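*Asks:* Chains as they are written, first to last, in my numbering: chain F, 668 to 1146; chain P, 668 to 1146; chain R, 668 to 1146; chain V, 668 to 1146.
Certain hints may be false.
One copy or any two copies: either way a pair holds, since identical chains are not told apart in the list.
Unchecked claim - The list that follows gives simulated cross-link-like pairs (lysine-lysine, DSSO-like), each with its CA atoms no further than 27 Å apart:
| no. | residue 1 | residue 2 |
| --- | --- | --- |
| 1 | Lys774 | Lys1032 |
| 2 | Lys1140 | Lys1026 |
| 3 | Lys1102 | Lys882 |
| 4 | Lys774 | Lys850 |
| 5 | Lys1102 | Lys1140 |
| 6 | Lys1004 | Lys787 |
| 7 | Lys1089 | Lys850 |
| 8 | Lys774 | Lys683 |
| 9 | Lys1048 | Lys704 |
| 10 | Lys1036 | Lys774 |
| 11 | Lys1002 | Lys817 |
| 12 | Lys1002 | Lys839 |
| 13 | Lys1140 | Lys823 |
| 14 | Lys1032 | Lys864 |
| 15 | Lys1026 | Lys766 |
| 16 | Lys766 | Lys1140 |
| 17 | Lys817 | Lys787 |
These are calculated hints, taken from the structure and not from any lab test. Since the model is a prediction, treat every value here as computed from it, not as a measurement.
Okay, here's what each chain looks like letter by letter:
Number of protein chains: 4
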Amino acid sequence: MDYKVADLSLAEYGRKELSLAEHEMPGLMAMRERYGKDQPLKGARIAGSLHMTIQTGVLIETLTALGADVRWATCNIFSTQDHAAAAVVVGEGTPEDPKGTPVFAWKGETLAEYWDEAEKVFQFTDAEGNQVGPNMLLDDGGDITMLLHKGVEFEKAGEVPGQDSTDNEEFKEVLRVLDRSLKNDPTYWTNVAGGIKGVTEETTTGVLRLYDRYKEGSLLFPAINVNDSVTKSKFDNKYGCRHSLIDGINRATDVMIGGKVAVVCGYGDVGKGSAESLRGQGARVIVTEIDPICALQAAMDGYEVRRLESVVETADIFITTTGNFDIIRVEHFEKMKNQAIVGNIGHFDNEINMAGLAKIPGIVKDEIKPQVHQWIFPDGKKVIVLSEGRLLNLGNATGHPSFVMSNSFTNQTLAQIELFTKLEEYPIGVYVLPKALDEEVARLHLDALGVELTELKQEQADYLGVPVEGPYKSDQYRY
Amino acid sequence: MDYKVADLSLAEYGRKELSLAEHEMPGLMAMRERYGKDQPLKGARIAGSLHMTIQTGVLIETLTALGADVRWATCNIFSTQDHAAAAVVVGEGTPEDPKGTPVFAWKGETLAEYWDEAEKVFQFTDAEGNQVGPNMLLDDGGDITMLLHKGVEFEKAGEVPGQDSTDNEEFKEVLRVLDRSLKNDPTYWTNVAGGIKGVTEETTTGVLRLYDRYKEGSLLFPAINVNDSVTKSKFDNKYGCRHSLIDGINRATDVMIGGKVAVVCGYGDVGKGSAESLRGQGARVIVTEIDPICALQAAMDGYEVRRLESVVETADIFITTTGNFDIIRVEHFEKMKNQAIVGNIGHFDNEINMAGLAKIPGIVKDEIKPQVHQWIFPDGKKVIVLSEGRLLNLGNATGHPSFVMSNSFTNQTLAQIELFTKLEEYPIGVYVLPKALDEEVARLHLDALGVELTELKQEQADYLGVPVEGPYKSDQYRY
Amino acid sequence: MDYKVADLSLAEYGRKELSLAEHEMPGLMAMRERYGKDQPLKGARIAGSLHMTIQTGVLIETLTALGADVRWATCNIFSTQDHAAAAVVVGEGTPEDPKGTPVFAWKGETLAEYWDEAEKVFQFTDAEGNQVGPNMLLDDGGDITMLLHKGVEFEKAGEVPGQDSTDNEEFKEVLRVLDRSLKNDPTYWTNVAGGIKGVTEETTTGVLRLYDRYKEGSLLFPAINVNDSVTKSKFDNKYGCRHSLIDGINRATDVMIGGKVAVVCGYGDVGKGSAESLRGQGARVIVTEIDPICALQAAMDGYEVRRLESVVETADIFITTTGNFDIIRVEHFEKMKNQAIVGNIGHFDNEINMAGLAKIPGIVKDEIKPQVHQWIFPDGKKVIVLSEGRLLNLGNATGHPSFVMSNSFTNQTLAQIELFTKLEEYPIGVYVLPKALDEEVARLHLDALGVELTELKQEQADYLGVPVEGPYKSDQYRY
Amino acid sequence: MDYKVADLSLAEYGRKELSLAEHEMPGLMAMRERYGKDQPLKGARIAGSLHMTIQTGVLIETLTALGADVRWATCNIFSTQDHAAAAVVVGEGTPEDPKGTPVFAWKGETLAEYWDEAEKVFQFTDAEGNQVGPNMLLDDGGDITMLLHKGVEFEKAGEVPGQDSTDNEEFKEVLRVLDRSLKNDPTYWTNVAGGIKGVTEETTTGVLRLYDRYKEGSLLFPAINVNDSVTKSKFDNKYGCRHSLIDGINRATDVMIGGKVAVVCGYGDVGKGSAESLRGQGARVIVTEIDPICALQAAMDGYEVRRLESVVETADIFITTTGNFDIIRVEHFEKMKNQAIVGNIGHFDNEINMAGLAKIPGIVKDEIKPQVHQWIFPDGKKVIVLSEGRLLNLGNATGHPSFVMSNSFTNQTLAQIELFTKLEEYPIGVYVLPKALDEEVARLHLDALGVELTELKQEQADYLGVPVEGPYKSDQYRY
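Construct all of the structure, not just a fragment, from the sequences and the given hints.
*Replies:* Written as structure tokens, this is what we have:
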């Protein structure tokens, strides 16, 4: 076996958890049942990069159940659940004779390891045993999409910039990997890109990168924006974070949230779910916002809306949800109370200026337990930072729960089928799934919650001017 | 004075309420301050049809403060606040010498009166004292837009269909008015339509009618859909109903909502606000839905989602919010508990089959007080119906509160200015306001709530790819 | 007819409302059904003083249905619902030939009228037509109990102090009435007191006075403290105020509560219900407290806990719930924002220093509508005061809803029966109802809410050491 | 060292957690500061039995900081946090040279080990190195109190019943330990009991046993019921469970709670906190109750109240909070849905009939991970049981958070001081702490939450008839 799994002995536990998760992912199980026979992904070679959790395991096995050949890496160095990775690798086999899907991920990779593993998801072998590239990408955050596009760009330029050309520690590793590849095969990435039908992308950040690339004309293949399906953005982002934010804080700190003052930076879907999560535990939540509409929503929802500067000295918990960078800065850390807790559930770790924190003269970083550090200031004040500023719900807990991921991942699966089987309908561009599919994803999750859906009478459908079976809303509808 | 006000002695009380409401409508007051000098609506003759409440009074006086000449009717026979109408008519004058705006509305009009009054908003007089039509429409539900379009259609046809051609009691009145007009001046409506620059429309129902007309090619002038501004649909519909639903039920019935089982039909913005309104009082809320996405939202928000048939026998309160028709039907009324309460906060009174209710053999309609009736079944069971099935928050209470209407009406004012001053940018079609204006509306309401808005740093704006001053979100963003 | 009703023509409307309220007061209706035949109050002459609302009407008619002879006054000059008073007076008769219960109350009495009417509830006539006193008191706040005790005290002293002896405007009226009585019959109150079996008292304030009187040895007869029945204090105070606080604010001001900052002074049961009431509408609630335990509860429930001084300049709504006096003072009024709203739902109007407010130099009191005044400061700032500082839920709305009052009033009815029929078990003192009766009150209200109660198995009851049928908790249990 | 710690290498991690917890336990830290100098517990030998968590660690070190000599066992075989035990043992020393407090507890003890360790907390050594008994007990659930009382009883009888005399597996172990002791020293427990000044008891169950013993005349020394301090029962039980219930479910199952139907059996303080915990995550909560008052509260709080039988087939999560036994029975297990989750947060594991479950023919118990088992029925249906039916918040998470335990444990500390120093004021009986101390406990926790407490003016205190500095409420007040 040429791929790495942290610990194959975890596989059995992982298989049990996979089995439990299947019950909580009715959308994916319905996909298997509905499409398993037709094998719509037969011939698809999917390179995936997405947090390697139990839920992702059910996604991967759904893709393979629909005929796909899959290779997988994580999109975050801390978020892998090793037992999930092990279980997926083993599949129907045994640790000694695994029959599952190659996974290149473990909890606590270095950045160098991360990008080395990312490269491996492109290295398929065809039936004849030849090395061959993927024909589909499934991405979360856009890292493998970026790797491929940068590879093509540098091959076109004939050289990879030196690592000195960037201050970004992570991008140095990208350059290292691509430089090695260029030296090995100067048309490698160009060849791979030529075989790609398209990419389906999971998150806001990745989607923004795709739209940018499309606008500047450098997008190499069509993309489906899964993030903006209603059943993703309004469910995963909001209800997923409602669940996993306090779960992460609890597991990391065991601190009582009730009675505390928590600042949620940003009141988008993630912020809305986060604020509700903390309020549901009895915290008093203060929101920061830059968008007047979202700020007004927060106020109408009963939250105090302040600038971070105004409340940094008195709050107990700080959570970033913005998708922007440099939200919590050194000037803020310096004013926080002793044992203030700081975490990020937005996207990148740069929402919190971790680099700046580390540079405060005399500061000491002390590990309480993995992913939980107290930063001890020279005057003895401690600030507790979760998951080193990376996604705390993944680093300190187990990420979003299966049920909400079932929504996102059913969208992913439908998007993969859509691009793989109807490519002609998708010239290069960035698309969202048709509303009928979005509604279908929701529909597949209702039974599990005991929901009775009312059916329109024909006259009522006519009155609204919609089909009885939907879709029911315009594309502009905001839910 | 040739226009009717129910009771001029109400004017003084109305002026006081107007003054209080101005404080709660910071958006409109900011419009007056910002644009009062430039008089951007100078020359506008606005025919308005919208619930004649105190808040509408502040809107009307904002339009006139910006230079417009205005005539006003209501869009609902029960919703007029007579003191508001009186105050607007009197304006800066006295009941004996009113200097305000003509208003053709009083609480409890008949359908015949309603359509007679609707016709009057078109009858402006120019500086020379000549009869002249409006050049702008401001509509809520589309009644005056419909009257005008039907007028043009029948004039083209050369005749108005007989009243026997319809079963709809209300449309009979429309036909009566248009027939009288055709006999009087066979090109009246055609001439009026020719002078109209455009219409701004307040609600879902009116907007749907506009889109339909646009699709079938019969729309006569451009329209701005104010309903779908975020600061309208997500505020007026949701937070407005959160306020006014229980207010209406309380004033109508004085019944304890806590502990009761309330069914909310529909989980759109109005349904979301209604469910929150009832839950905030301790009711157990059950939602009915036809759209799987909204149904899933309701479930994730902790509501039971059932078909009406499944719960009609045990629930205490039934509220329709759908914008569809025939939601609560005779078959439901027959199964309800004694003293069940039924009301509508959606749009038209046909959400509840009032006609069918009245036809149940042996049923007696007994007025408890105005807008509150108990329908007594032959077996003695009573069902309490609010506002005869029309909008209960307007019929039984005072409608949405000023603050939320300030959002909607600032959108209306901006839309009137937009169409009146930049007509060339708006060929016939249905438009929403640019997002920058939407955000501006929100911004004008933050100070009143003590909200501190965070400002993006230039680097952060660049990171997101948005201007520092906004707009911040794509048009697809769902809030 | 020698007693006053504001407007007999209101009786018909009142009878309809009574009929509707009966459905919402299952506890009282169960009392009628269960005890109507046995007439346990046969021979009781009950002098009652309690807000004369529709709900009280159902109470009065329950007492008479159980055999009592009743005379009634209100305990608050603003809280009477005239149609309720009229309906009770008329009873089964007609306005011309009333057959109901004498009621001495109308909305908007003067203080002088109030105490004149209070005296009349003592003036029963027996079967032979002789003047005779009551043998039971039913009190809310202790006014008629105080009148009687003071009467006895002054008769013992042989004289009533002059009105100059007090600054309290209200107590001057008490002295006037008692002086008149003393001159008329110097042993009147002593005779009346001799015939009283006991009093049942509804509220905290009245109960405190009873305990004080008991401690100082001046209590003349036994008293049952209905206020501290769980089904009273935890229901009426909390859930009743949750309902009626926002109802009062809405009817008085039509102001949007969502998004506003509301200060609730006090976090006892009334404060808890009030805070929940406002939060349920999307207000941001700040609590003030003097008791560290209640303050900690408020914090754990997610509320900000501050001193009034710290937030008076920024809050929008101020509600007193303390049962103490001088909570909102001139120094606070002077710092409030323009159009701040101030109201009391605690008990007496002295929670707000109305007298001090009126004495601010240059201030103008302007009535917007009955029970809603704007106090205009010399600089033009307005503060809106509800119900002149008296109970806003009664003055601006219709008080607690029937269902919650059914709990309180079923306790009242049981307490009247208890004292009237088992006097020997109650030597002079202040008592609460036995827990079994408290549980019974709750039990009588469950069916109406569709509650299924679980029944203990005998082994489970034995395990807990309680009877299968209850009572289930110790007297110390806090619920 | 003659006492067992699972793993001394955990001590360092434990010391860090202790240090963090101290910040979250302001009440205990204030006790150290206030009383550290006076050493009020000097001479106290405290035998403690209470879940050996980090928070208990801070309690133990507070007791020793006040002068006490302490020995500690757990009161639950699964709830020990081994790093907490290790840290307390090590104290200021090192793993090699521990200077802390003897602890006899580790996670996952057998029942035999549990009772062997319980016996050891009685085995103090005095300054001269002689074996000596404790003079104070600190108990949670009453196990060591029971061991001591049973020991005395059997010594009086001269023999210990055979293990065959009971079906209860746990009581067999008690009999074994006492039999061994009797054979070793027939007056051992009698001697120990003679030296005990009193016991302070933490929970409902233990308190009930004490009252029973007191009523039957067998209580050997005075007891302070800490459970019924307001700052315990209304904080630990309610807010602690609000925190730790979902924490336990999340860590055990990673299942999304939002959208699910959860049944909470019992609506006492634990049930109230549990229901709020689940609702805060978006679950739809159904309550079962036997007490009509609590049932009515649940209904007024917006919960559906049903019998378990009525909903067992459709709910997803079942939580017992009753303090009673045999709540979830075989007949219920058999009707549950596949992957239903069952857990207990009440007190003993007999709330769920685990023994009955294990006896279902053909059922298989499969461990997913420690404290999480799926019970696989013959037809393949799985039911997931948390912590084998014992307290899931302790077994699956880390118990109540420090802040809430600081309230309970400050009560414990005050109660120990009270009994140890003022024994003469406490003849044999069961007492609650004076209200002034209860308020003091609350007061010590306000600063940490940023609460500003309002101070009564002297006139206001006089008006209420309370001292300015409290206590403010009667003993009957329910909060």
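*Asks:* Are the CA atoms of Lys774 and Lys1032 at most 27 Å apart within a copy, between copies, both, or neither?
*Replies:* within (20 Å within a copy, 30 Å between copies)
*Asks:* One pair to classify: Lys1026 and Lys766, alpha carbons no more than 27 Å apart. Within, between, both, or neither?
*Replies:* Neither: 47 Å inside a chain and 38 Å across chains, both beyond 27 Å.
*Asks:* How would you label the pair Lys1002, Lys839 (within, between, both, or neither) given a Cα cut-off of 27 Å?
*Replies:* This pair counts as neither: shortest intra-copy Cα distance 33 Å, inter-copy 59 Å.
*Asks:* What label fits Lys774 with Lys683 when the C-alpha limit is 27 Å: within, between, both, or neither?
*Replies:* This pair counts as both: shortest intra-copy Cα distance 19 Å, inter-copy 24 Å.
*Asks:* Which holds for Lys1036 with Lys774 at a C-alpha limit of 27 Å: within a copy, between copies, both or neither?
*Replies:* Result: close both inside a copy and across copies, 14 Å intra and 19 Å inter.
*Asks:* Between Lys1004 and Lys787, at a C-alpha cutoff of 27 Å, which is it: within one copy, between copies, both, or neither?
*Replies:* Neither way: Lys1004 and Lys787 sit 45 Å apart in one copy and 42 Å across, limit 27 Å.
*Asks:* Up to 27 Å between alpha-carbons, please classify Lys817 paired with Lys787: within, between, both or neither.
*Replies:* Classified as within; 16 Å inside a copy, 67 Å across copies.
*Asks:* Give the relationship of Lys766 and Lys1140 under a CA distance limit of 27 Å: within one copy only, between copies only, both, or neither.
*Replies:* neither (44 Å within a copy, 45 Å between copies)
*Asks:* Using 27 Å as the alpha-carbon threshold, which applies to Lys1102 and Lys1140: within, between, both, or neither?
*Replies:* both (8 Å within a copy, 21 Å between copies)
*Asks:* At 27 Å max between alpha carbons, let me know whether Lys1089 reaches Lys850 within a copy, between copies, both or neither.
*Replies:* Close neither inside one copy (36 Å) nor across copies (60 Å); limit 27 Å.
*Asks:* How would you classify Lys1102 and Lys882 at a CA-CA limit of 27 Å: within, between, both, or neither?
*Replies:* Answer is both; intra-copy 24 Å and inter-copy 20 Å each pass.
*Asks:* With identical chains, the pair Lys1032 and Lys864 could be close in the same copy or across copies; at 27 Å between alpha carbons, which is it: within, between, both, or neither?
*Replies:* neither (46 Å within a copy, 48 Å between copies)
Hint check: violations occur at hints 2, 4, 6, 7, 11, 12, 13, 14, 15 and 16; the rest are consistent with the structure.
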